[in-house]
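Just so you know, the sequence shown maps onto residues 4 to 201 in the numbering used here.
By construction, these hints were calculated from the structure, which means they are not laboratory data.
Quick list of the computed label-pair ranges, beta carbon to beta carbon:
#, residue 1, residue 2, range
1, Arg77, Phe183, 41 to 49 Å
2, Gly165, Asp45, 47 to 55 Å
3, Ala13, Asp45, 20 to 28 Å
4, Asp29, Ala141, 30 to 38 Å
5, Arg134, Asp198, 48 to 56 Å
It should be emphasised that the depicted structure is a prediction, and the values quoted were computed from it without experimental measurement. Ideal Cβ positions, reconstructed from N, Cα and C, are used throughout, including at glycine.
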Amino acid sequence: MRVLMADDDAMLRHGLSVQLRRWGYDPIVCSSGAEAREALRDPDRPQLALLDRSMPSPDGLTLCAEIRSDPALRSTYVILITAHDSRDDVVNGLDGGADDYITKPFDWETLRARLKAGARIVSLQRDLAVRVNELQQALASVKQLSGLLPICSYCKRIRDDGDYWHQLEIYVGNHSQAEFSHGVCPACLERVTKDFNG
4 MRVLMADDDA MLRHGLSVQL RRWGYDPIVC SSGAEAREAL RDPDRPQLAL LDRSMPSPDG
64 LTLCAEIRSD PALRSTYVIL ITAHDSRDDV VNGLDGGADD YITKPFDWET LRARLKAGAR
124 IVSLQRDLAV RVNELQQALA SVKQLSGLLP ICSYCKRIRD DGDYWHQLEI YVGNHSQAEF
184 SHGVCPACLE RVTKDFNG
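Please build the complete structure, drawing on both the sequences and the hints.
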């Protein structure tokens, strides 16, 4: 999975990129908010982002707000990285649209676990989007009978919009997903038997 990592600290960028590769991720490394913004415009953009709250132009919190306001980026899982660990900073970061928050210096194993949780959520969202798309396609292809059907009282043929008369099973088969199997009901069997023997 591709991970966007944006921080203006060159040493941290290097260390993070090494760890991300070690953990099986494909890091996209950016040194500013402007570079990160550009990476997020890529058609094959990453769905998981580590953003430095205090990086230049724009900072992580501003970029996070941009991500949340853009329908194409809204599902991006964002972890803010910051040196500020006060309660207000954490609350402001999460209220600003971050999914998670980690303070510097951070424990590598804690970051690995949080990335793993984020990757799991991204995968679930992706699977859900596929299922929703499949459901929408299925609903679009469902044929449905509705309204008033003109049917002959004697032969039970149905008249279509072009004023043609069709056998009931042909008409219903063409206008729904129903399939027919044929049989004889007891009343018809009795009548046919009497006519045959009579």
